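Enquirer: Spelled out, the chains give:
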Amino acid sequence: MGATHLPSTEFDGTGMDDQLEAEAEAQLGAPAEPMVQLLAPDGTLGSDPVFSKYAEKLDPATLRGFYADMAKIRRFDVEATALQRQGQLALWVPLTGQEAAQIGSGRASQPQDYIFPTYREHGVALTRNVDLAELLRQFRGVSNGGWNPKDTNFHLYTLVLAAQTPHAVGYAMGIQRDQKLAAANAVAGGEAGQAVEPNAAVMVYFGDGASSEGDVHESMVFASSYQAPVVFFCQNNHWAISVPSSVQTRIPLANRAKGYGFPGIRVDGNDVIAVHAVTEWALEQAREGNGPVLIEAFTYRVGAHTTADDPTKYRESAEESLWRAKDPLERLEKYLRAEGLADDAFFNQVKADGDELAAYVRKTTYDLETPDIRTAFANTYVEAHPLVAEELAWFEEYSAGFADTETGQAKSDPAQAEQRDRAAQ
Amino acid sequence: MTTMTIAKAINEGLRATLNNNPRSLLMGEDIGALGGVYRVTDGLIAEFGADRVVDTPLAESGIIGTAIGLSLRGYQPVCEIQFDGFVFPGFNQITTQLAKMHSRSNGNLTVPVVIRIPYGGGIGSIEHHSESPEALFAHTAGLRIITPSNPHDAYWMIQQAVDCQDPVIVFEPKRRYWLKGEVDTETPGASADPFKAHVLREGTDATVVVYGPLVPVALAAAEAAAEDGHSVEVIDLRSISPIDFDTVTASVQKTGRLIVAHEAPTFGGIGGEIAARISERAFHSLEAPVIRVGGFHMPYPVAKVEEDYLPDIDRILEALDRALAY
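Protein chains in written order, with the numbering used here: chain A, 1 to 425; chain B, 1 to 326.
Keep in mind the hints are simulated off the structure, nothing from the lab. One should not assume that every hint holds.
Some chain A residues close to chain B (C-beta under 7 Å, calculated; not the full set) [said to hold, decoys possible]:
| no. | residue |
| --- | --- |
| 1 | Asn144 |
| 2 | Pro166 |
| 3 | Asn379 |
| 4 | Leu387 |
Owing to the predicted nature of the structure, the values given are computational and were not obtained by experimental measurement. Positions of the beta carbon are idealized from the N, C-alpha and C atoms, including for glycine.
Could you build the full structure based on these sequences and the hints that come with them?
Expert: Written out as structure tokens, the structure reads:
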């Protein structure tokens, strides 16, 4: 890589970072992994020999867009949490604190790329133009999916941790085969001038907790063996519900990539510019046929694991305060203001847009229709299935019986009673 | 008509699939140069190359999981699991991901993955090489499960599994891999529907339902019973999910007695499911309780005693005697 990286201990002036870092180093018996950082918490832009060129490409509108996205998804998170508290959602999985990791990486992807999220990637969903109200279907209990992945190349959330990682590698293996088939067809057809599909890559998200799952290991073995165009994007948010990342790994997660034979990079996950740069580089590597990359976005889940969680039982509020000081939105705001790239009018507009989104999401959530269980019968198999048909037929008859009872006709209609007896026989 | 073994028939079926379907590919451990531990994929890598006959890392969850990803990209992978007892590292991917993808995507996504699993005992092998875990998969909605008992079915069923848009597990009766039979490679004939049971021998006194490796055993038992004057109907179930209850019901309505035999343990098994369904569908036709013949409630025993564990002709005849005694 050859990049110079700022150690995480230079994040802030509280001294608490130094203490945590010292503890980590003592535990690991090795220095903490250097980390790519371009935008410091105080809003100053640093440089990096490899990644600065990606940051330099970002025009003011794009940088403002990063901020607007992060603010929008944070507002959405607040609204969804409120909807859960009000009984409108069964559960919510907050992302606050991880906005830069998600917006920065999502914005680095291209439309032809395919994204496999876990279940907290609401920010990535936003960058892929998933309707955020649709995204709430799963949490309202009206769908196990909610959107059609073919519309956005953003796959459904996967709740079995890390189960989506081999899917991502397989999808990437499919892209490799598509490219070979296309090349063979082009040669066979001799059509030199024909438009060529842009190279695509796959990006798969998982967390520090899921990194312990065997599927991550198997996926990285497959990806490396076949040099599949896949970027493993690990958001190390430091807590797998109540268990700290030190229980999942004794070394920086990014270092694991070396064992599989591909590059691993730790990036400041609260620095949207660095995350974007590193991800853009990694996706380029994958699209150009250079194989997989692991990115570890070093970030923090400021809120609870889910609305059913209680972080006060397992971590110090001082730690949360420490990370709030590294807030991804605040540092970009400082930068935009200092550079004169955004003014009060912009930030006011962002806030107004967020409130508008929240109102839209709230209204749409109320309106989400409860599906008919018949759709579950219909979607269990693609092709006709006699057992499903039989059970559906029974259900229809059973339901019809209730309808009769409601109208008071069930027992008084001899023709229907006879029909039921015949059916019972 | 060509005479070949079941192993060769599957090999030819896979060859036909690879030739006819450019989006199909094979994945598994040792399926390339070696041709699989049972040589079912023998010669295919030379013919179709390493992109379509993929020697994978030794990781069953990875095999199934990447196959799911390939299918999401429009491919139709056929995965080989080396032995029945080794499918479990991939069980999570099969049951929580593969089986549910179509449903949880509200019908937007299809994952037409095929998983081939050599199963069953009787080969004198070591631990984890002789099991019959089909009920564990049959219990999972979203999967289809079929099992051929003869070369003609083997040739066509593997191709039909690939053609099916649902995930299909093909349990291959490994001790019958070398069973020879006639294969009509021109037309499937009566085997056009892989989910339909076949009446292999007609009878009037009792019905014996079997599948996969026990089909020849049941036919031999029926022959022996005939010598004692009992007319036994034998049904090859062929599909374990869905089960063709119509064919079984019609048979029981004729014979009045039903015996279901499989190598898998009887407790919580396919036999119990058939017994329950038939007791609902043909209660008044039954002259005797449905009797199950199967493995015991124990881990598959060591090879030197597997003959005591596996249902054989005598065990089926004993069950027949009990049924006829009512």
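Enquirer: Indicate, hint by hint, whether the structure satisfies it.
Expert: These are the hints, each one checked on the structure:
1. Asn144: At about 4 Å, which falls below the 7 Å cut-off, the nearest Cβ of chain B leaves the hint on Asn144(A) intact, so it holds.
2. Pro166: 2 Å, holds
3. Asn379: 4 Å, holds
4. Leu387: 5 Å, holds
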